[in-house]
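Asker: Start from the sequences and build out the full structure, keeping to the hints where you can.
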Amino acid sequence: LMSVVIPCLCSSATCLMCSCCPSSRNSTVTRIIYAFILLLGTIVACIMLSPGVDQQLKRIPGFCEDGAGSSIPGLQADVNCEMFVGYKAVYRICFGMCMWFLLFAILMINIKNSRDPRAAIHNGFWFFKFAALVAITVGAFYIPDRPFTYTWFVVGSGGAFCFILIQLVLLVDFAHSWNESWVDKMEKGNSRGWYAALLAITILNYILSFIAVVLFFIFYTKPDDCFINKFFISVNMLSCIVASVVSVLPKVQESQPRSGLLQSSIITLYTMFLTWSAMTNEPDRACNPGLLKPNLTSPYLQWWDAQSIVGLVIFVLCILYSSIRSSSTSQVNKLTMASKDSTILAEGGSSPDLSEESTGPRRVEDNERDMVQYSYSFFHFMLLLASLYIMMTLTNWYSPEADYTITSKWPAVWVKITSSWVCLALYVWTLVAPMILTNRDFS
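Per mature numbering (1 follows the signal peptide of the UniProt record, and there is no 0), the sequence shown runs over residues -15 to -1, 1 to 428.
Keep in mind the hints are simulated off the structure, nothing from the lab.
Nothing here was measured: the structure is a model prediction, and the numbers come from that model.
We put the CB at the ideal spot given by N, CA and C, even for glycine.
Any given hint could be a false lead.
What the hints assert, rightly or not - List of simulated lysine-lysine pairs, DSS-like, C-alpha gap at most 27 Å:
hint, residue 1, residue 2
1, LYS207, LYS394
2, LYS97, LYS114
3, LYS215, LYS394
4, LYS236, LYS170
Unchecked claim - Cβ pair distances, simulated, as ranges:
hint, residue 1, residue 2, range
5, ILE91, CYS31, 25 to 31 Å
6, LEU88, ARG425, 21 to 27 Å
7, VAL140, LEU305, 24 to 30 Å
8, PRO268, ALA185, 39 to 45 Å
9, PRO396, CYS31, 32 to 38 Å
10, GLY178, ILE421, 36 to 42 Å
Answerer: The following block contains the structure:
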């Protein structure tokens, strides 16, 4: 077994799959592994935010004694153990992942097929790549604290904003695929049953959005105060109504037959989440009952509030979907530089190079010898932005201060609320663009 596992870890050989697994393609398996590495880094960051980690570090002899910096025997370096816990650890773990993905994003520019020598690095050598990630992340803990944390906070805010827009694209793509799949089943089978299911999901999304609006007005507004929150809620609610109406206009339906209320309902629900997320960062405690108090004596920050958990769930689903997606939406494929033929299963259920009688471990099929199924460089850049989004989500988008605390600030509020407006504008543009740019193919 080791003779077939080691080449996958230490060379350019394709990965192994067990005999019980479906026939898989290299383009999909590689993306899943990178997504798994990102999720593993997220788990480590969550652990570093958990109270009690510093107590475990103190048990290591000669390391972090009495919670202060101490020398490691044999090394000429001091360890500030505050860097290993709390939001500072999250910043450095995510910095390591970002630099790792940035390195690959630059290295993989303009790869055309898997015969390119650089493609072997992308699809193989997993042991050396993981070792490089660990080395970069460990090195990040030796970066001086000032002005690194604030600078990285500004970079993280911009990157997280961009990833929110990518999430919107993936959600629209998912909604289109979902709608198309159920409409096809409705036309081929039990039409009433599938129509009822489609209608039920759409209504459920709008009901949840309406409930969210009501709760926003109850908890995040006051009768004679919190006018900015009232503005955010009202504008986004009206914008979602406009987007939903536009999606079913006859002219839009004529040029975009696949548009419908299911997609609009998902975008509406996502917009309500962004509105909620923005208001949870408002520094005015009278208008933000969930505002976390900065603790001057502890490096930890409570991240497991409802808004952060929902954000992490959406993040995980989007990352997994982007790794196994097989979109028939040509405009989405152009944006993500992917091929609609990229899917987790080979056509016909098996690779033509594999015997159906095979019972042992087997290599995945290399389906990119003629042309890559997605842009390697853009995929790594997307994971870079995802790392920044994770950093901001786990630290509640709070801004680091000179006294080593972090507090909520208005810039984070405006970044989030602006992203909700941009998301709605992008979605409406996808609906009306075919009517405006008639000389372009939007099929």
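Asker: Now look at each hint and say whether the structure bears it out.
Answerer: Hints versus structure:
With a C-alpha separation of about 20 Å, the suggested pair LYS207 and LYS394 falls inside the 27 Å cut-off, and the hint holds. Only pairs whose Cα atoms come within 27 Å are accepted, and LYS97 paired with LYS114 is accepted, the gap being roughly 22 Å. Annotation: proposed proximity of LYS215 to LYS394 holds, straight-line Cα distance about 19 Å (limit 27 Å). With a C-alpha separation of about 25 Å, the suggested pair LYS236 and LYS170 falls inside the 27 Å cut-off, and the hint holds.
As the Cβ distance of ILE91 to CYS31 is approximately 29 Å, the hint placing it in 25 to 31 Å holds. Look at LEU88 against ARG425: about 36 Å separates their beta carbons, and that is not inside 21 to 27 Å. Against the hinted window of 24 to 30 Å, the Cβ-Cβ separation of VAL140 and LEU305 comes to about 25 Å, which satisfies the hint. At roughly 40 Å, the beta-carbon separation of PRO268 and ALA185 lies within the given 39 to 45 Å, and the hint holds.
At about 25 Å, the CB distance of PRO396 to CYS31 disagrees with the hint of 32 to 38 Å. At roughly 38 Å, the beta carbons of GLY178 and ILE421 sit within the given window of 36 to 42 Å.
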